[in-house]
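Participant: Turn these sequences into a full structure, and let the hints steer you where they fit.
Going down the list, the sequences are from chains A and B. Counted from 1, the first sequence has number 51 at position 51 by this note's numbering; the numbering is strictly sequential. Counted from 1, the second sequence has number 1189 at position 189 by this note's numbering; the numbering is strictly sequential.
Mixed in with the good hints there might be a few duds.
As the list claims (entries may be wrong) - SDA-like cross-link-like pairs, simulated, lysine to any residue; straight-line CA separation at most 20 Å:
hint	chain 1	residue 1	chain 2	residue 2
1	A	K164	B	I1061
2	A	K154	A	A177
3	A	K252	B	H1101
4	A	K155	B	H1043
5	B	K1042	A	P80
Honestly, the hints are just simulated from the structure, not real lab data.
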Amino acid sequence: MIELSVVDTRTICRIVQEKHQFDLSGFAHTSLKYRLAKLMAQYKIQELDILLAKIGQDDGFFDSFLHDLLVPSTEMFRDPSLWRWLKEGYFPSIKDKMTGNYKIWLPLCVDGYELHTLTIVLKELELLDKVKIIAGVLTNKSKEVIEEGILPLKKYEISAENYKRYQGQANFDDYVAKHDYYVVRDRSLIKNVQFIKQNNLFDHAPGNVKLILFRNHCIYFNPSMQERVLVELHHNLSATGLFIIGAKEKIKNIESSDTYDLIDEGESVYKKKFVSKS
Amino acid sequence: MSTYKAVIIGGSAGSFQVVTKILSSIPTGFPLPILLCLHRLKHVRSGFVEALSLKSNIPVIEPNDKDSLKPGIAYLAPANYHMYVELANRIALSTDDPVNHSRPAIDLSFITAANAYRQKLIGIILSGANRDGAMGLKKVHEHGGTTIVQDPAECEVKTMTEASLQITQVNYVYRSDEIINFLKKSVRS
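Facilitator: See below:
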């Protein structure tokens, strides 16, 4: 794999900003550098200048490049205990309040594994028709990948194991169609999902959201960008809305924060603090 | 004052006892952070850090993303995450694809630590059953860090140590007692 220097990485960020007005400067340096080097190897590009030229001249290439740069979810039903908590604790407790305008937002969807997982959980609770799910995508390719619904065999096996640990009501195979080297997820589950094409991480945010699922995305940002993301997402949550990030992502200084209450430390579940307007 | 800034240890099958022995033998207040990248079951999130903590003389934690690295603490790579050393002496976690069938991958932890600490890093590869870590230790060597491999004769499973020795002229091949003595000595001066 090609070794990129700090200067190389910054040059790529600059060109992306200049040509596509997309800001990569808030991405954490080490993982960004690794992803860029990995992409160059995947694209069989040996020279930095060639990559820069393609980014600058080819919008279609940039769309794929940005999709590939974002790290996809590892599997469906990752951390089964979190999904079990939603199934057994959270969703039943607010079931009566779901009136069709219950908005769930998944910003920055790359492959749809979290999205599909969520729809299975809701379907088994017979709540899928009572919510409005909004999936944010940064690229056209991400939307295509999600709608295509392919799950490589290895990830299928891990996901099926996770589903057992989640203790779902059905068989995981009920939600996929099997092929030789991959499976295809049941596309009907996402037929009512509203996709929002975002040009950056924050535009076209839906607002008044009851639940934001944003697991293992903040780890790819630097601390100042993380701070910004948390503030922006907080603005889009309704009062007492739920915010879920990755198990090893934490909102620092939560004790002194007037933004969130920690609901479940192990699963990194936070609730927007209710501030009375007196 | 030690010339080193961090220690990184990688291991897989057969490394648990050695890591436990190291953590129970180094002094309280060991003046460097110790990064532990050990292969583990990806779906078992608890129990490992508690087991390592039992006899350890220093706190053992599973870091959260962007935690600062501090001396005298052992940082265990969490299950199903890669653990990088990020700019400004912080941990960064990643859910990127497995490397060498592993997440956490020892290679990635070692490579990022080598980039961050260069010659001020001690890299140690212990017993294990695949080749993960060999490339990472090579990077530690290329950046001028000190490289140590557990003596394969002492390893429960020697694949990992032998893979490292095949591609890197390491500084030391040590038994676990000697690794402990080296760590104590290198922070004493």
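Participant: Quickly compare the C-alpha distance for K164/A and I1061/B to 20 Å and report which way the hint goes.
Facilitator: Given that 20 Å is the threshold and the Cα spacing comes to 29 Å, the pair is violated.
Participant: Would the hint linking K252/A and H1101/B be met if the CA-CA limit is 20 Å?
Facilitator: violated, 32 Å
Participant: Is the straight-line distance between the alpha-carbon of K1042/B and that of P80/A 20 Å or less?
Facilitator: Holds. K1042/B to P80/A sits at ~12 Å (cutoff 20 Å).
Participant: Given the proposed pairing of K155/A with H1043/B, does the C-alpha separation stay at or below 20 Å?
Facilitator: holds, 14 Å
Participant: Run the distance test for K154/A versus A177/A: straight-line Cα separation, threshold 20 Å.
Facilitator: OK: K154/A and A177/A at ~15 Å, within 20 Å.
Violated hints for the displayed structure, listed by number in ascending order: 1, 3.
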